[in-house]
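Chain residues, written in single-letter form:
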Amino acid sequence: MSELLNQGLLITAIGMGLVFLALLLLWGLMAFMASIKVKEKSEVAEVPAAEEAVAEPQPEANGNRALFVRAAAAAVATAMLLARRSPKAARPAGSAVSSWQTSKRTSQMSSNQSITYRKPRGSAR
Amino acid sequence: MSELLNQGLLITAIGMGLVFLALLLLWGLMAFMASIKVKEKSEVAEVPAAEEAVAEPQPEANGNRALFVRAAAAAVATAMLLARRSPKAARPAGSAVSSWQTSKRTSQMSSNQSITYRKPRGSAR
Amino acid sequence: MSELLNQGLLITAIGMGLVFLALLLLWGLMAFMASIKVKEKSEVAEVPAAEEAVAEPQPEANGNRALFVRAAAAAVATAMLLARRSPKAARPAGSAVSSWQTSKRTSQMSSNQSITYRKPRGSAR
Amino acid sequence: MDFSQLFIEISKGFSTFTWQNGVMIAAGLVLIALAVLKEYEPVLLLPIGFGAILANLGMTTEHGMFKALYDAGIVTELFPLVIFIGVGAMIDFRPLLAMPKMALLGAAGQFGIYGALLLAILLGFPLNQAASIGVIGAIDGPTAIFVTSKLAPEILAPVTVAAYSYMSLIPVIQIPVMKLLTTRKERLIRMDYAAKPVNDGVVIAFPIVVTVIVSLLAPDAAPLIATLMLGNLLRESGVVERLSKTAQNELINIATLFLGLTIGATMTGASFLTGKTLLILGLGFLAFVIDTVAGLMFGKLMSVVTGGKINPLIGACGISAFPMAGRLAAQVAKEEDFDNFILMHAMGANTAGQLGSVIAGGLLLALTLGMV
Amino acid sequence: MDFSQLFIEISKGFSTFTWQNGVMIAAGLVLIALAVLKEYEPVLLLPIGFGAILANLGMTTEHGMFKALYDAGIVTELFPLVIFIGVGAMIDFRPLLAMPKMALLGAAGQFGIYGALLLAILLGFPLNQAASIGVIGAIDGPTAIFVTSKLAPEILAPVTVAAYSYMSLIPVIQIPVMKLLTTRKERLIRMDYAAKPVNDGVVIAFPIVVTVIVSLLAPDAAPLIATLMLGNLLRESGVVERLSKTAQNELINIATLFLGLTIGATMTGASFLTGKTLLILGLGFLAFVIDTVAGLMFGKLMSVVTGGKINPLIGACGISAFPMAGRLAAQVAKEEDFDNFILMHAMGANTAGQLGSVIAGGLLLALTLGMV
Amino acid sequence: MDFSQLFIEISKGFSTFTWQNGVMIAAGLVLIALAVLKEYEPVLLLPIGFGAILANLGMTTEHGMFKALYDAGIVTELFPLVIFIGVGAMIDFRPLLAMPKMALLGAAGQFGIYGALLLAILLGFPLNQAASIGVIGAIDGPTAIFVTSKLAPEILAPVTVAAYSYMSLIPVIQIPVMKLLTTRKERLIRMDYAAKPVNDGVVIAFPIVVTVIVSLLAPDAAPLIATLMLGNLLRESGVVERLSKTAQNELINIATLFLGLTIGATMTGASFLTGKTLLILGLGFLAFVIDTVAGLMFGKLMSVVTGGKINPLIGACGISAFPMAGRLAAQVAKEEDFDNFILMHAMGANTAGQLGSVIAGGLLLALTLGMV
Ligand code: NA
Ligand code: NA
Ligand code: NA
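Residue numbers (this note's numbering), protein chains in the order written: chain A, 1 to 125; chain B, 1 to 125; chain C, 1 to 125; chain D, 1 to 372; chain E, 1 to 372; chain F, 1 to 372.
It is worth saying that the hints were derived from the structure and are not from the lab.
If a hint is listed, it holds; no wrong ones were tucked in.
Below, simulated EDC-like cross-link-like pairs (lysine to aspartate or glutamate); rule was C-alpha separation at most 20 Å, straight line:
(1) Lys67/E x Asp71/F
(2) Lys179/F x Glu335/F
(3) Lys38/F x Asp200/E
Start from the sequences and build out the full structure, keeping to the hints where you can.
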């Protein structure tokens, strides 16, 4: 028993020591990696454009035809946006954790869906 | 042969007897279970709301802007409904058997798609 | 070595000979099969109808209600078309090779997406 | 260098080809034609037909890809059971729960099993094979495969082919029998559907309770009923939508494709083209007919007992063949009277037939194992 | 004809049923109820519960379908590892990369492993079993299964059940401990989130670098960290969207369903209902508590060291249990002050906990193998 | 307690690491970089590269997860064959059926196989290995894996890596050769596309007929051609949409991911870093070049014979490498003359090349087995 307990204590000491060591190493590594400068990319331009198309409708539409065209455009843009979003809607719960940059603003909105004693359906693990 | 036939008749007697017994048991069980009272739930409220949005457009729209807003709303609502329905559309044939409560009304509608010598494509088994 | 080389040359001669023979056979077979007359089918009627619904809107719409109805119709038709297309959008790259009949017209359009040193994401093999 | 050896190697495709292979390839083409032109159960007939062609071009279950699939999915029973998970996730037991007396029809539709078994014994088949031939009368693919692979794997190919082929021909087989055995007056009987909503909790509890009861009554049916009910639980629980969808789509598709191919690949000319196979196909056909006749007769009996409140046509749905048999009975009733809507009752009887088939298959397995 | 033989065969479902089977079926029903009614980790608890019911109706892992699944997925380690590919494809390491110091919390949350190990030794468990009990404190299903199936497969069932059950009860376990060990003032601490965008190249390189480093440091953890990071690489590389989606959906769903069923099927009454199992469940609970306490204490330490810039609540996320623990800490902070948004920091600590758990599990495996 | 034993166990990650492992990890990184940065065949290069890294961190195909995958998917041939089902479901043979003479180009593109084989013999490789090296010239992953795993599994890793790496580098390899061997005048040749619609029945019958003919001519190619044509039949039959979709998505994705990882995991430093591997990589490169040259030359021949009605560029598509080679030739023609649209002809030749590669691979296998 005491032999076994000694072994246990040894494993504990070495095990926890190495875990802290490994994560310290990861800290250093990540600090180094994160210090690498971010290159700006401009790939995000397309979707906002489509959203503008939805938001666009101004009241001062002069004439029926113009009005109609706008309505159709808005409808199509909306449908396309939805079509584009639908695959993401199928994405599982765990992956929703990505748009961090919105931080505080999200805070207000997400407060509706309380999560304390409940997690979203079907999250797998 | 006659020994074998006797065995076969015995299997038949016992086999059919037990099958009837088992399904009688299930009958009793289901009768008991089905007698349990149904609790009403109000989860179904959301979709009809969206459908209302589609059905809403009234002719007495006063003014272009209001008209436009309605058109856009209807379009978006429709698109959302479709988006919501599309996963169900992907659902296989066998599972379409659930909205029983519509009974007679469905009868008229489903009569178009004759099924006698043909079953829907891709039903698996 | 020279024994092995002889074997290699023999394999080469027989192998290439049989490959050409097999593909000549396939040529003949395909030429025969392709000569079978095409029966006309009229299954393709539905989609163009929906597309017409989209293209329909004429400027001389008389009255707000008619206008609205048209806008809604167009929106719904568009959304339905998109919904119908969305599964095809999910189809992998390799299968895009089918609408050959559009030939030259496609040529102009597809020229934007240069493919020389790059293939579409996620094509599997 | 050995030219003759080389020539043998190159020409082995032709030299090992027999007329039996040719016949079986033709049979495979017929199955594919039924699948493509008639759309009879294409997801199964097409892979079976293609597998049969391949088996007779040398790709048997004795080596290579099909041996791997046979060992992985048939020997382990995984293919039929995984298919059952998917089927269970597609079944709605609410119509049956709303009309529990339909359960009896699910028992009546199993007489064909024993009719075929007895006939097979009379024709000289040993008991294990006779029982396997009988299970064609369960009119349920996974049940037939499961039972036959345990009792008489040597006739797995003809039994499975009979089961799936006749299942795909259900309309051709059942409609004449229906019209022959029922009067127009009987077919016109309307049935009330007391739109009694079923408690959601009951719908969730049902698959669990059925699993426990059936597994105790017929332990040999446990894997079949367990997988069927597991699928149904995934569906009805409402909390594991992603598992339910996977069971209804990817899992069942993959298992169906590979099952069909592998079953087809067991149909080599040498083993399949025997008088025995013809007898099995014939007995299987009789099993289907007996099932339908017994179901209809029981339907007529219930009609009489209830004072004409039951349309005997729904008796024909008790044979299983879910969901085709249910739709078919409703269609025949509608042809007689456009406003006669008995689909719900028919599906209730049909799901009962599904349960009855699994139970009967398990009991048959137990009884036969207890005899031999 | 031997009637008694026949009777034995037919009634074997009842004759072999023991009270232990009854108790385990009840336990299975409890797991299913937790899954359906409380929605605690339903994708796992429901299959485990159903598997437990089946095991006690005769469908054990010793024959048939569950033996096939056990051999194919547990013995080969494929089920937990495939699940890890999917989990990896769902993890976003950006919050951790933006706040690297959170990594330390992922180490602090592993004390429960060794606490439980030492207690298990004191209670008389041999070293290999004690280590397997300790790994419940990794609070990560695949890690627990991987380590236990190598060290002490004989207690795989209780260890896995403890790991997943307590993981599903995380809110019930952690919230009281959080409120007990932190002051209201501490819970009100706000944290700045320097919205430092992380280079895309770094995000892609991260999983590869972590794989190499961790595999060198703890080679026994290599399969776990490799699959987790493979999934993450599929996700972040951006060029294999179809593989990433398959990993997050079909692959993980199939593996999860079969893993749950198979683990459940190991829970036979005879093997599960022992005093040992109760001890394991109790020690597992303690492991969870010790993890949380240690994490919170380390969070308080970091709070002091940084002069109050760290909210100690995020210490509780270092235990792993991704992503529930992270959401929970954020929720508790928000309950105290509606405007206190610490979710990003919590998820950073939570992903660090995930890494820490895998590393700790691998080291535990190596150390135990080096001892025995 | 044995500290030294413990230290050995903990530090084994470093102590067993060799410089060869380092080199191979670097090679794996290069493959991943090609996949991520250049998007060269990322669905294969990324898993292969990651597998190579893992193999050199201890996760070889000799134990654990990768042994399980190797046994389940490579030894049984299931991975390449399942991939072929998916590829077949993505192929449209209509362009080829509309222009049957393109079939010949699919034969001409196979000369590289025999060129590489003869060179390998001259360099001292035994016949089975020389044939396996030759099959790199089939320029088709599943064919290369299938043939090599039967003839010379000991060089499966370099052969597969060569096949997939060069396939991903097709543009880099082919464009210079195309420009070198064709004149601008030749590249400007326009081809009429007689928009002859192909009968749907023919399109459905085609895969079946090809399966039968090729299986008789080259029985060793049967599994390859059968799975490719099965996928095509699923696609064209129109009645099994759900099977076709599953083949094109989940099935091929899962098989591709696991195939790539497993092939990568065979690339251990000790076995891969040999002079032989360098020779194999070099011979494989030559095979690609010879294929392209032979294809172009045959294209020029056809151009002359038809009186300038054939653009020789499409000869380069006969090498297989479906569908990249087809797109590439069309692109080169378009670069010369923006209005020159030869994509349909190129894809016709490319699908013929796919057929030719499978047939040539099967014949090579048969001939080599007949010799040794
Ligand atoms: Na039946
Ligand atoms: Na942990
Ligand atoms: Na080739």
